[in-house]
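Please work from the sequences and hints to get the whole structure.
Heads up: the sequence shown begins at 1 in full-length UniProt numbering, then just goes up one per residue.
Keep in mind that the hints were calculated from the coordinates and are not lab data.
Since the structure is predicted, the reported quantities are computational estimates derived from the model, not experimental observations.
Every residue, glycine too, gets a C-beta built ideally from N, C-alpha and C.
A couple of the hints might just be wrong.
Unchecked claim - Okay, the calculated beta carbon distance ranges per label pair: (1) 122 to 24: 30 to 36 angstroms; (2) 31 to 147: 17 to 23 angstroms; (3) 132 to 43: 21 to 27 angstroms; (4) 145 to 68: 29 to 35 angstroms.
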Amino acid sequence: MNLKRSKFWPSFHIKPRHPGHWPLSEDVTTRICRYAGRQASAMLYIALYKNRVGGKDANAALRAVYYEPFTYWDWHGVDAEDESASKHKKQLVWERQRGFTAAKGEKGGYPYPQEAWQRFRHLIDNHAERRHWVAKIAVAHWMNIEDLTW
Numbered sequence: 001m002n003l004k005r006s007k008f009w010p011s012f013h014i015k016p017r018h019p020g021h022w023p024l025s026e027d028v029t030t031r032i033c034r035y036a037g038r039q040a041s042a043m044l045y046i047a048l049y050k051n052r053v054g055g056k057d058a059n060a061a062l063r064a065v066y067y068e069p070f071t072y073w074d075w076h077g078v079d080a081e082d083e084s085a086s087k088h089k090k091q092l093v094w095e096r097q098r099g100f101t102a103a104k105g106e107k108g109g110y111p112y113p114q115e116a117w118q119r120f121r122h123l124i125d126n127h128a129e130r131r132h133w134v135a136k137i138a139v140a141h142w143m144n145i146e147d148l149t150w
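Given below as structure tokens:
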């Protein structure tokens with residue numbers, strides 16, 4: 001299928017997406033995803049999950065998402081109930097909702113930093129096999145002893 005011709009741009013040909021398995025091995029995918037970061041790994045996981053056969057293609061990308069779930073920059077300059085974090089900080093993968101304003105004027109969407117931490121803990125508690133995927137994690141100054149010993 002060709003795009004509409006333009007006098008300013010050359011004509012492009014849209015190639016169909018190739019169906020099938022992810023061509024890279026799990027080890028190579030893991031290394032690429034760890035280098036690319038958690039957001040890129042999450043996007044690859046979503047793309048592979050939709051085209052997976054038996055789920056094996058998506059596992060390496062999902063493991064890379066949990067490799068370093070919170071970094072210094074996720075907690076830098078924010079308090080536990082700091083709502084500015086929802087506007088200025090990069091959002092994490094398990095916070096998939098976008099910010100929005102409800103019909104009554106109430107703000108919703110992105111969680112506060114403490115809510116993000118609680119969601120992550122709940123996710124790990126519900127999926128115990130993912131606990132071993134976490135290699136390093138940054139802690140915030142507002143976390144208590146329970147959070148640190150968890």
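Hints and how they fare:
1. 122 to 24: 30 to 36 angstroms: The hint (30 to 36 angstroms, Cβ to Cβ) holds, given that residue 122 and residue 24 are roughly 32 angstroms apart.
2. 31 to 147: 17 to 23 angstroms: At 31 angstroms between Cβs, range violated.
3. 132 to 43: 21 to 27 angstroms: 23 angstroms, holds
4. 145 to 68: 29 to 35 angstroms: Because 23 angstroms falls outside the window, the suggested range is violated.
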